[in-house]
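K.L.:
Protein chains in written order, with our numbering: chain A, 1 to 221; chain B, 1 to 221.
Derived by calculation from the structure, the hints in this document are not laboratory data.
One should not assume that every hint holds.
[As the list claims (entries may be wrong)] Computed from the model, here is a short list of chain B residues facing chain A with C-beta under 10 Å:
1. V13
2. V31
3. L43
4. G44
5. V88
6. A190
7. Y205
[Stated by the list, open to error] Just the calculated beta-carbon pair ranges, DEER-fashion:
8. B/I65 <-> A/G58: 50 to 56 Å
9. A/G58 <-> B/P156: 30 to 36 Å
10. B/A157 <-> A/G74: 18 to 24 Å
11. B/E78 <-> A/G44: 43 to 49 Å
12. B/K169 <-> A/E132: 43 to 49 Å
13. A/G105 <-> B/A157: 16 to 22 Å
[Unchecked claim] A short list of chain A residues far from chain B (calculated; beta carbon distances all over 12 Å):
14. A14
15. A27
16. V31
17. S35
18. R51
19. D68
20. S130
21. Q137
22. E162
All C-beta atoms in this analysis are idealised placements derived from N, C-alpha and C, irrespective of residue type, glycine included.
The chain contents come next:
Number of protein chains: 2
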Amino acid sequence: MAPTSARVPEPTVARLSLYLRLLRRLAAAGVGTVSSAQMEAQLGITSAQIRKDLSHLGEFGRPGIGYDVEHLLGRLTEIMQLDREQRVVIVGAGNLGSALVGYLGFANTVFRIVGIFDNNFSKIGRMLWSLEILDVQRLLEINAELRASIGLIAVPAEAAQEVADLLVKAGIRAILNFAPTVVTVPAGVALRHVDLTRELEILSYLVSRTAPEPQSARARQ
Amino acid sequence: MAPTSARVPEPTVARLSLYLRLLRRLAAAGVGTVSSAQMEAQLGITSAQIRKDLSHLGEFGRPGIGYDVEHLLGRLTEIMQLDREQRVVIVGAGNLGSALVGYLGFANTVFRIVGIFDNNFSKIGRMLWSLEILDVQRLLEINAELRASIGLIAVPAEAAQEVADLLVKAGIRAILNFAPTVVTVPAGVALRHVDLTRELEILSYLVSRTAPEPQSARARQ
Numbered sequence: 001m002a003p004t005s006a007r008v009p010e011p012t013v014a015r016l017s018l019y020l021r022l023l024r025r026l027a028a029a030g031v032g033t034v035s036s037a038q039m040e041a042q043l044g045i046t047s048a049q050i051r052k053d054l055s056h057l058g059e060f061g062r063p064g065i066g067y068d069v070e071h072l073l074g075r076l077t078e079i080m081q082l083d084r085e086q087r088v089v090i091v092g093a094g095n096l097g098s099a100l101v102g103y104l105g106f107a108n109t110v111f112r113i114v115g116i117f118d119n120n121f122s123k124i125g126r127m128l129w130s131l132e133i134l135d136v137q138r139l140l141e142i143n144a145e146l147r148a149s150i151g152l153i154a155v156p157a158e159a160a161q162e163v164a165d166l167l168v169k170a171g172i173r174a175i176l177n178f179a180p181t182v183v184t185v186p187a188g189v190a191l192r193h194v195d196l197t198r199e200l201e202i203l204s205y206l207v208s209r210t211a212p213e214p215q216s217a218r219a220r221q
Numbered sequence: 001m002a003p004t005s006a007r008v009p010e011p012t013v014a015r016l017s018l019y020l021r022l023l024r025r026l027a028a029a030g031v032g033t034v035s036s037a038q039m040e041a042q043l044g045i046t047s048a049q050i051r052k053d054l055s056h057l058g059e060f061g062r063p064g065i066g067y068d069v070e071h072l073l074g075r076l077t078e079i080m081q082l083d084r085e086q087r088v089v090i091v092g093a094g095n096l097g098s099a100l101v102g103y104l105g106f107a108n109t110v111f112r113i114v115g116i117f118d119n120n121f122s123k124i125g126r127m128l129w130s131l132e133i134l135d136v137q138r139l140l141e142i143n144a145e146l147r148a149s150i151g152l153i154a155v156p157a158e159a160a161q162e163v164a165d166l167l168v169k170a171g172i173r174a175i176l177n178f179a180p181t182v183v184t185v186p187a188g189v190a191l192r193h194v195d196l197t198r199e200l201e202i203l204s205y206l207v208s209r210t211a212p213e214p215q216s217a218r219a220r221q
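Could you build the full structure based on these sequences and the hints that come with them?
P.N.:
Following this line, the structure appears as structure tokens:
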């Protein structure tokens, strides 16, 4: 079955990933069918939204029965291209880059880290788990062989845009930026951002709003 | 100046963190004032949105001049409680938890990791950087002394909800969940989710849509 050619909006794609995870769990537990109402109870996403999202893919549950778990799981896996290896390169072999290699290297997913790059000559040539740290200056040349399509940016903020440009030149078509700064990419390249410091800063604000401390709050004024 | 008592919507808070970062950069570069149009050019957020967000805080730029960088930086830092130490505990001393300790431990921020916990007896008592890995069964008792208000969940999916419940009981008021699963918390506790596998899965889908490969795509069918 050919993947649907319609473009699915990015927020929908983000939810598809959640549906996929639930369906994997249900399939592993031997559950045969699931209704949008049952999915709502598990995920906290309204059943109306779930039905709309899945209708983007041409999938419709049967009234009173629901969705066939194995069929929907197969469709989602295929549409999201998670039925094949996805090759990933990381630029930046510092604390975060090293952590990502260790973490993703052991996670049981289709994402395979095929290269890690740095510009620090004291790091280049050293081994990180089973990967040799490579010279970022050689990224274009090396990725012509590695053929990774996903790139992770794990360098300091001031180097992030330069690295993004380099990844795009090297044929990378989707970037996950971990650097605490905004980077831009040309149309036709996908970009998402994981910003740990920012997440903590948002929580810092929310802490002050979620559970008031009348005593200490007054003491500050 | 007392922080504004109005509740700022969470998407606005997420943008405040971006404004803060830009203002820090401008202040470091000695820039005295910045207009919402200049901020738009740097951040890709419309100047109308920026003005609306900042008006939530009672901050209004002066027409033709803009915002005073130092003043706005001070206000945002205060409102987001980034003018004081924020104490953080991590549950899970596996690859990801260890990486978070290493990464956040060296980042120059107000977030201070004061404790890391695990349930694995072969890990408890070992040192991770300068922190001893502690028994998660003792979290309630120990956090009464550590007084952390932010908790990071870095355990496998199947243990995440149990850990979230424990963190809430221990007085944690804001949780950043790194486990690849949905967890729920009571009203009054803030929760955000960083899900690396999910981000990669979303990119996997977007890769297939952003830059078609007509040759190989045909070959698959």
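K.L.:
Decide, hint by hint, whether the structure agrees.
P.N.:
Outcome of the hint check:
Hint status for B/V13: holds, given a least beta-carbon distance of 5 Å to chain A, under 10 Å. The restraint placing B/V31 at the interface with chain A is violated, with a minimum CB-CB distance near 17 Å, outside the 10 Å limit. Nearest Cβ of chain A to the Cβ of B/L43: about 6 Å, under the 10 Å cut. The hint holds. Hint status for B/G44: holds, given a least beta-carbon distance of 7 Å to chain A, under 10 Å.
With a least beta-carbon distance of about 7 Å to chain A, the hint placing B/V88 at the interface is held under the 10 Å criterion. A least Cβ separation of about 4 Å between B/A190 and chain A falls short of the 10 Å threshold, and the interface hint therefore holds. A hinted interface residue such as B/Y205 counts as satisfied when its beta carbon comes closer than 10 Å to some beta carbon of chain A; here the least separation is about 4 Å, so the hint holds. The beta-carbon spacing between B/I65 and A/G58, approximately 55 Å, falls within the hinted interval of 50 to 56 Å.
Between A/G58 and B/P156 the Cβ separation comes to about 34 Å, which falls inside the hinted range of 30 to 36 Å. Between B/A157 and A/G74 the C-beta distance comes to about 22 Å, which sits within the given range of 18 to 24 Å. Judged by the Cβ atoms, the range 43 to 49 Å given for B/E78 and A/G44 is violated: they are separated by roughly 33 Å. In this structure the hint that B/K169 and A/E132 lie 43 to 49 Å apart at CB holds, the actual value being about 46 Å.
Restraint check, A/G105 to B/A157: a C-beta distance of roughly 18 Å satisfies the suggested window 16 to 22 Å. Here A/A14 does not stay apart from chain B, with its beta-carbon only about 6 Å from theirs, under the 12 Å limit. Distance to chain B confirms A/A27 as a non-interface residue, since its nearest Cβ pair spans about 15 Å, more than 12 Å. Every Cβ of chain B is farther than 12 Å from the Cβ of A/V31; the closest lies at roughly 17 Å, confirming the non-interface assignment.
At roughly 18 Å from the closest C-beta of chain B, the C-beta of A/S35 stays outside 12 Å, upholding its exclusion from the interface. Against chain B, the non-interface label of A/R51 holds: every CB pair exceeds 12 Å, the least being about 19 Å. No beta-carbon of chain B comes within 12 Å of the beta-carbon of A/D68; the shortest separation is about 21 Å. Non-interface status of A/S130 relative to chain B is upheld: no Cβ of that chain comes within 12 Å, the nearest being about 14 Å off.
The beta carbon of A/Q137 sits about 24 Å from the closest Cβ of chain B, which is more than 12 Å, so the claim that it is off the interface holds. At roughly 16 Å from the closest C-beta of chain B, the C-beta of A/E162 stays outside 12 Å, upholding its exclusion from the interface.
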